[in-house]
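Undergrad: Chains A and B supply the protein sequences, listed in that same order. Counting the first sequence from 1 gives a position; the working numbering is that position plus 1127. Counting the second sequence from 1 gives a position; the working numbering is that position plus 56.
Treat the hints as calculated values from the structure; they're not laboratory data. Yeah, the Cβ is synthetic: ideal placement off N, Cα and C, and Gly gets one too. Incorrect hints may have been included.
[Claimed, not checked] To spell it out: a stretch of chain B is covered by chain A in this simulated footprint if at least three of its residues, at any positions, have a beta carbon under 8 Å from a beta carbon of chain A; those stretches are:
| no. | segment |
| --- | --- |
| 1 | 180–190 |
| 2 | 204–216 |
[Unchecked claim] Restricting the straight-line Cα-Cα distance to at most 30 Å, the calculated cross-link-like pairs of lysine-lysine (BS3-like) are:
| no. | chain 1 | residue 1 | chain 2 | residue 2 |
| --- | --- | --- | --- | --- |
| 3 | B | K171 | A | K1298 |
| 4 | A | K1486 | A | K1282 |
| 5 | B | K150 | A | K1298 |
| 6 | B | K150 | B | K138 |
| 7 | B | K165 | B | K138 |
| 8 | A | K1294 | B | K221 |
| 9 | B | K221 | A | K1362 |
[What the hints assert, rightly or not] Just a sample of chain B residues kept apart from chain A, beta carbon distances all over 10 Å, derived:
| no. | residue |
| --- | --- |
| 10 | G134 |
| 11 | I157 |
| 12 | F241 |
| 13 | Y242 |
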Amino acid sequence: MTSFLSPLGMIVLAFAWAMPAQADFRVEISGVGVTQIPIAIANFRGEDTAPQKITQIVAADLERSGQFRSTPAGMVIDEVTRPNFEPIRQKPADALLTGSISRMADGRFDVRFRLWDSVKGEDMGGQSYVVVPADLRLVSHRIADQVYEKLTGDKGIFSTRIAYITKQGQKHLLWVADADGENPQAALTSQEPIISPSWSPTGNELAYVSFESRKPVVYIHDIASGKRRVLANFKGSNSAPAWSPDGKSLAITLSRDGGSQLFLINSKGGDPKRLTQSSGIDTEPVFSSDGSAIYFVSDRGGSPQIYRTPATGGPVERVTFTGSYNISPSLSSDGRWLAFISRVGAAYKLHVMDLINDKVVALTDTNADERPTFAPNGKLIMYSTQSQGRESLMTTTLDGKIRARLAGQTSNMREPHWGPFLNP
Amino acid sequence: MKKLLLSLGMVMLLAACASGVKLNDVPVEDKSGAKVSVTPDPVMPAPVTAATASKDAKSAVVPVDSSASSNLGAGPAGNVAKVIFFDYDSYVVKSEFQTAIEAHAQFLKANPRAKVSLEGHTDERGGREYNIALGQKRADAVRQSLSLLGVQETQVESVSFGKEKPSAQGADESAFAKNRRAEFFYR
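Using the sequences and the accompanying hints, generate a full structural model.
TA: Laid out in structure tokens, this is it:
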């Protein structure tokens, strides 16, 4: 399959495919030489009268990944029809997505798709889903995942979920939403700040820091039931929860022994075990995906930098050396990439480091980036930033060339955390 | 029981959604031949209000309305400052606040059952978690000052709000200066 090389310097693609309630989805493409797979997407048969415009959700997902350039096929083609590939090849498009959606007698919908290699004229497979109307968005994301995986070889992340915080007046809310920011559902409402939501490896629970008792306390919250428990409420501040990959324990920051230091605590609670010993600040722990190492922020060298230490404790090794303020580490699942925030002059910018060669690259042109979080397939980073006095959530590719602002709330969105793959 | 059903529903929802049928396994011409996966109604996470949820939680934490933060009447009598301000990037208690800290220390020693929270804050620049740690350094500095004056550790808790509760809005130095602080909150 050949790839389409975008000749564009700097363009902004506003999605003109009228999405009634979600019209503010925008993808920014910057820089030359963006390699993208061109895909044509046919309107699914029956889509005009369906409650969700499935192909628009799929197209937006694929575009946001930075790895696709989608064009409308300009016709309705269902999954049982063998298309005429000549006009598709001429677009040019290397792949063609077709399908149908039909309402069943019981009110559910039968959604089917078929993906074609339009160059070879070969069927690349398809699938059918029968769902209630409320799950049509989820099905759209699952179709996008299938297309993404078939054409790139990597697992798609469009059906995963994210957590984030909003502040609306004096109200602080913890939200769970689809990875594209749509379908937000409030999990917690509080009069006091909430920060640092962190997904459990199963995607069922969130750990976070809530100030509802006039101090930072770490909670674990089962999102399906709304049931929650206090994980850490020791004397002093309790913050920065991060789950171990096996879900059995969390790394947290406690000030109970003086200073802000890292501890490991069983996810069921209990006596925390001290992990680091420094006279300064140790905080923002995050596990490597194999669970063997913990990356964290420390000012032990005089300025905040990112360090790593074995998860069982032991020698501490400095990771970042450029810049005088490096915080908020996030690791890709393959362990190769480290995203973090670095202060540059008076600005706080998202950077990514290739841990193989220690090369660091700035990814954004904004000045107040916060809290990067990797997609579970390691191909996108979500972060919050400020523009026009508003906080919003963005995704970017690891080369910074394709960035997208997430749809959703009008209020300040911050503290994103990308959830895990959900087991099919 | 209801919660159990909800969780069960969630599990079934996830399972059912994911188990789409491979079209390759089903003749595409035969519509009626497609297997049907059953999906119950989607279950939404129940929104929880911090105040109500903590009452039910095992380790109950009584939520405090911190908007009523001027706990006048508690602490030393008279016009004793309850807010200690700090310089930029500094965690040292300035000498101009020594008199106020001594008054708080005297009060706490005279009232051994009195308890105070020292609440550290930062300006809005930088990361939220790192600012929690920086605010903690300010609260700890005031706690250390009280301790040197003979106040018992058990009467004092130092905590941090980082940049989450600014006392002044704005992105200029005058707002930043008002926000770099530690507050005495008597319980």
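Undergrad: Check the structure against each numbered hint from earlier and tell me which ones fail, lowest number first.
TA: Of the numbered hints, 5 and 12 do not hold.
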